[in-house]
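**Q** Below, each chain spelled out in residue letters.
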Amino acid sequence: MTPRGRTGFITLFLLPATALYALFVVIPVVQAFAFSLYRWRGISANRSFIGLENFHHLFNDPLVWRALSHNLLLFIGTSAVILTVSLALAHALGAESALARFLRSVYLFPQVVSLVVVAILWMFILNPSFGILNATLKAVGLERWAIAWLGEKSTALASIGVAHVWHALGFYIMLFAAALRTIPPDVMEAATLDGVTGLARVRYVTLPMLWAVLRIALVYMAIGTMNIFSLVFLMTQGGPDRATEVMLTYLYEQAFKHSEFGYATALAVVNFVLVMALSGAILALFRHNPQEGRA
Amino acid sequence: MKRILLALLVVASSGIAVLMVSCGRQQTATSGAKELEVACFKGGYGIDFFEQAAREYEQQHPGVKIKVWGNPRVWEQLRPRFVAGNPPDLTYPGWGMDHWALVYEGQVIPLDEYLDSPPHGKTEGTWRETFEPSLLELCQYQGKTYMLPYFFSMLGWWYNKDMFEKNGWKPPRTWSELLALCEKIKAKGIAPITYQGIYPAYAVSGFLIPWVISAGGIEAFDNAQNLVPGAWKSPAFLKAAQMMDELRRRGYFQEGANGMDHTGAQMEFISGRAAMIPCGTWLHSEMRNVLPPNFRMGFMLPPVLDDGNGDPSAVGIGIEPWMVPTKGKNRELAIDFYKYMTSLDKAKQFVEAKGTLMSIRGSDQANFPEHLKEPVEVFRGAKTVWSQEYRQWYQKLGKEVEDATAALLAGNITPEQFVERLERAAEATRNDRNIPKHTYTRGQAR
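Chain order of the listed sequences is P and L. The working numbering numbers the first residue of the first sequence as 4 and each following residue consecutively. The working numbering numbers the first residue of the second sequence as 929 and each following residue consecutively.
These are calculated hints, taken from the structure and not from any lab test. Check each hint, because a few of them may be wrong.
[What the hints assert, rightly or not] Which bits of chain P does chain L cover? Going by a derived footprint, with three or more residues having C-beta under 8 Å, they are:
no., stretch
1, 45-57
2, 118-132
3, 229-235
4, 278-287
[Claimed, not checked] Label pairs and their calculated CB-CB ranges:
no., chain 1, residue 1, chain 2, residue 2, range
5, L, E1111, P, S157, 26 to 34 Å
6, L, N1095, P, L75, 46 to 54 Å
7, P, F133, L, K1114, 17 to 25 Å
8, L, E1298, P, H60, 51 to 59 Å
9, L, K1311, P, G54, 38 to 46 Å
10, L, D1360, P, L118, 47 to 55 Å
11, P, V115, L, D1239, 54 to 62 Å
12, P, A161, L, A1356, 26 to 34 Å
13, P, E146, L, G1096, 27 to 35 Å
Keep in mind the model is a prediction, meaning the values are calculated, not measured. Note that CB positions come from ideal geometry on N, CA and C, so glycine has one too.
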């Protein structure tokens, strides 16, 4: 095949996918940027151009900042937990024991459960009256700790974080377990021979060799927590008194409850930019692999 | 290669055949009969009654075809239909739809001309006078009627009848009776009152508004709805907030209720761990699948202040209206079908089939299920009817009232801070030129 024919051939095969992607992703995103410049109730074709007013309003809206801070708190809190726990579990799953084999077959369960089910499950666990958590606390004499987890301002966000971690963990265990398998056994062996074992081996050998995967995992976690919606919407509705409001629940409220589709679209645009920026920042911040630095 | 080509040819030709057949079908359907599309919210009462009514109407009107469809999130599907200018002919979009936005955007028609015509199957009288006037009032804006009620719900408190009878307790009518009773219930190790904390709207309609009306009279609430400056922090609102705060401080609310969703709190009530709960008349049908056999629930109005200024018979109601889209294709047919659905016979059938009150006058002569007999009596005896219209008119204000109520019931803010928050939210709405304003005048529809 001539080079030109080859290009044509490739173009031909790329065309359907590109067209679909343009139709369902690129065009809506571009449209969103346009809609964010309008006042629009989202219930008729009427809309009036108001320039950057939505964005001006947005930056002066204390609730946006509050929602955003909840997203960031969730990101920092849940990613710290997910990283530690999933790395530890992925490591442990490499072992050849009956328990490890059993765990390998169950760790993905939460991941395949629908988020709606996850939310309902955790609402049952956290239920102040018949929930298993408070029942356990009461059984061991910790009545004072048995509170309305989703109804208290101080614990509602953390409770959602726990449900999110429970759901997301399996995916990251899988990711890290797969990455761990790519570390050549001779490297581990050499480290052991040199007397580097246990936590030191994790710190100086395993982690540096997982660097690229860790970086991607962090980006995934950032996207996951910046775009969190279903869990919050189902478990607390953003309450009590906005204590768990996140960007997307606030966006939903503006669009579907307050009929402020223009403003909601501006929120979506800002969220889009923020997710891109955060992902970019993570990639830049963790660009340097300490392993390469030493080489 | 030949085989593959042959297979492709077969697949392609069968695809084309299917397309042709379906196009053909569509053509015959649109050219022949008159077709009506009715989109309904599928809530606790389902849509089977409307489907049945459609079949009956079709039989009476040969050549008419009515398609009734619906689901529990129908409002989300209706929005793009309205934007595209392709709405259904008649719709009951449900509580999730911003009804007034449809009115402001001219997407639904004023119905007064039809309301002044005779009702279904009659040649005299008006359709308007078949509706309960206090409910029709809620559907008006700038003197025109844009929506129509169907069933309606009453708001109040439910109590565990067997528990009350067994202990010799009487439903409390006044604040002092309530406090005395709560003390007795608490002594039995039962939570006196539970509530749906995750959805503070229940506490707003079950505690706050009734006590505002009891303390300051219906004017205190009407003024607040009409955004009169200072109305949301009037002494009546402060008093109501103090009453809620007092119940919390005395420990009369079920522990953990602030973390319960509606089904959670309602389960507490029907399982006997709490004696009373604020809820609308839909409670029975919402919980029917989990109700213990022989469970008896009694309905009462929220207890009023002993020396209050309000009408003690005042009752809160809520409607979920129907409307006729401006760009519907069969306006006259839609109206006539809705006239049929609101005829007295159909209204009575709805009461009996679904166990709810209806906005059609005279439908209270139907056979009510046991749990509705008390609410019906309460409604007949009510001299004042109120509805939280501000929630529909001013969604942001409604949300802030609910958030502040959650904070008050959790003890995060004082009653004084509570009313300040409400007034600030009302002021923000008042000063927002982009929010169309409503004025509610009582007795307008009569």
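**Q** Against this structure, judge whether each hint is valid.
**A** Here is what the structure says about each hint:
1. 45-57: Coverage by chain L holds here, the residue count being 5 at a Cβ distance below 8 Å.
2. 118-132: holds (count 5)
3. 229-235: It is violated: at least three residues are needed, and the stretch 229-235 of chain P offers just 0 whose Cβ sits closer than 8 Å to chain L.
4. 278-287: violated (count 0)
5. L/E1111 / P/S157: 26 to 34 Å: holds, 30 Å
6. L/N1095 / P/L75: 46 to 54 Å: Holds, at about 52 Å.
7. P/F133 / L/K1114: 17 to 25 Å: holds, 20 Å
8. L/E1298 / P/H60: 51 to 59 Å: holds, 52 Å
9. L/K1311 / P/G54: 38 to 46 Å: At roughly 52 Å between Cβ atoms, P/G54 and L/K1311 fall outside 38 to 46 Å, so the hint is violated.
10. L/D1360 / P/L118: 47 to 55 Å: Violated - the Cβ-Cβ distance for L/D1360 and P/L118, about 35 Å, lies outside 47 to 55 Å.
11. P/V115 / L/D1239: 54 to 62 Å: This hint holds: roughly 57 Å between Cβ atoms.
12. P/A161 / L/A1356: 26 to 34 Å: holds, 31 Å
13. P/E146 / L/G1096: 27 to 35 Å: Taking Cβ atoms as reference, P/E146 and L/G1096 lie about 31 Å apart, which means the hint holds.
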